[in-house]
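Chemist: Given next are the chains, with one letter for each unit.
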Amino acid sequence: MNKQEFLTSLRSALSGLPKADIEERIAFYGEMIDDRIEEGMSEEEAVAAIGTVDEIRKQTLKDIPLQKLVIEKVKPKRALRAWEIVLIALGFPVWFPLLMAAGSICLSVYLVFWTLIIALWAIEISLVGAVFSAIALAAVHTVQGSGLSALMPLGAAIFIAGLTIFAFYGCIAASKRIIKLTKKIGVGIKSLFVAKEKKQ
Amino acid sequence: MDIQLKRGLLDVCVLAAIKNEDSYGYKIIKDLKPCIELSESTLYTILKRLEGAGLLTVRSAEHDGRLRKYYHITNSGVRRIEEFKEEWKEVISIYQFVMKEDKQ
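Protein chains in written order, with the working numbering: chain A, 1 to 200; chain B, 1001 to 1104.
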């Protein structure tokens, strides 16, 4: 791929971004290629050294906030005609609920993941609570003089304590996974607003 | 390595690369190569972040009939490097303690 092809492909992969953001990136990567060529690399080598268009696209999506992408998408490309404004106003009862629904779906997906994390940690906390209540029960039995009946809750306390420690690491791992997943979904949602790279 | 920690380290690395004289994208990548391999897209993100935080400024200058962007460190940028040096004295003494205890 030569420089021109690479930059054209990058431009189409980033279309949907605000124009200034696209131009700035094109200039940045173009300069990088030129500097490598100046140092003696061939054009093909210089392009290959930059990395793939898809990598740049993914990194760019991480950097740009979702609001910016949405605003760019809904911003009209030209001034609206009078009848279009009338149509938008009349169509309000139709498009507004649809828009709200789409927004609510995105929000609820995030809420589901976060509730999952909260639920996991709630289980962990209740296990800790169970350990202390079992110890308390054992203490009560001992004070009342029935040392033997204290053994059962004491055993339970030790068992649950083991379970708590085990579950703690599980909770941390699961939380990390879920947070990573929400980030991936975030990039996925942003992708909807930016054109996919055309197959060469 | 922890992502937050790595991000902070890369920021200081790039600031250090432009500290003594203004530099441009490809030169920064080359200068950092012995220390860390930085991809173009990562560098772009870092430069944007540093510019947004007011730690560097950007100017375009002509070079060989084309425009090249040069990055210049600001006073806040220099201060950031000084802060980093102070913070890392602490980190190094912690590291030395850990190594000493580990050997015993």
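The set of hints was computed from the structure by calculation and includes no laboratory data.
You may find that some hints are simply not true.
FRET-style restraints, in silico, Cβ to Cβ [claimed, not checked]: (1) G1052/B <-> K58/A: 17 to 25 Å; (2) A101/A <-> E1083/B: 43 to 51 Å; (3) E1090/B <-> A49/A: 32 to 40 Å.
DSS-like, lysine-lysine: derived pairs with alpha carbons at most 27 Å apart [to be verified]: (4) K1033/B <-> K3/A; (5) K58/A <-> K1089/B; (6) K1027/B <-> K58/A; (7) K68/A <-> K1069/B; (8) K1027/B <-> K183/A; (9) K180/A <-> K3/A; (10) K1069/B <-> K180/A; (11) K1069/B <-> K58/A; (12) K1030/B <-> K3/A; (13) K62/A <-> K1033/B; (14) K1030/B <-> K184/A; (15) K1048/B <-> K62/A; (16) K3/A <-> K1006/B; (17) K75/A <-> K1048/B; (18) K1048/B <-> K184/A; (19) K58/A <-> K1048/B; (20) K3/A <-> K1069/B; (21) K1027/B <-> K3/A; (22) K1030/B <-> K58/A; (23) K176/A <-> K1027/B; (24) K1030/B <-> K62/A; (25) K19/A <-> K1069/B; (26) K1089/B <-> K62/A; (27) K183/A <-> K1048/B; (28) K19/A <-> K1048/B; (29) K62/A <-> K1069/B; (30) K58/A <-> K1103/B.
Chain B side only, calculated, beta carbon under 10 Å to chain A, not exhaustive [to be verified]: (31) Y1026; (32) I1029; (33) K1030; (34) D1031; (35) T1042; (36) Y1044; (37) K1048; (38) R1066; (39) K1069; (40) H1072.
Backbone N, C-alpha and C define an ideal beta-carbon position, used for all residues, glycine too.
Chemist: Mind checking the alpha carbons of K68/A and K1069/B for me, to see if they're no more than 27 Å apart?
Modeler: Within the cut-off at roughly 25 Å; holds.
Chemist: With 43 to 51 Å as the target window, see if A101/A and E1083/B comply at their CB atoms.
Modeler: Taking Cβ atoms as reference, A101/A and E1083/B lie about 48 Å apart, which means the hint holds.
Chemist: Does the alpha-carbon distance linking K1030/B and K3/A stay inside the 27 Å limit?
Modeler: 20 Å, holds
Chemist: Are the Cα atoms of K1048/B and K62/A separated by 27 Å or less?
Modeler: 13 Å, holds
Chemist: Check whether the Cα positions of K1089/B and K62/A lie no farther apart than 27 Å.
Modeler: Status violated; Cα separation ~33 Å.
Chemist: Check the hint pairing K1048/B with K184/A against an upper bound of 27 Å on the C-alpha distance.
Modeler: 22 Å, holds
Chemist: Quick check on the hint: K1030/B CB to chain A CB, less than 10 Å?
Modeler: 9 Å, holds
Chemist: Just to be careful, I want the Cα atoms of K3/A and K1069/B compared with a cutoff of 27 Å; is the pair within it?
Modeler: Status holds; Cα separation ~18 Å.
Chemist: Does K1006/B lie within 27 Å of K3/A when you go C-alpha to C-alpha?
Modeler: With a Cα-Cα distance of about 32 Å, the restraint between K3/A and K1006/B is violated, given a limit of 27 Å.
Chemist: For a C-alpha distance cap of 27 Å, please report whether K1030/B and K58/A respect it.
Modeler: Holds - the C-alpha atoms of K58/A and K1030/B are around 24 Å apart, at most 27 Å.
Chemist: Does the closest beta carbon of chain A sit nearer than 10 Å to the beta carbon of D1031/B?
Modeler: 13 Å, violated
Chemist: For K1069/B and K58/A, compute the direct alpha-carbon distance and say whether it is at most 27 Å.
Modeler: Measuring from Cα to Cα gives roughly 24 Å; hence the hint holds.
The structure fails hints 5, 8, 9, 10, 14, 16, 23, 26, 30, 34, 40 (numbered hints given earlier, in ascending order).
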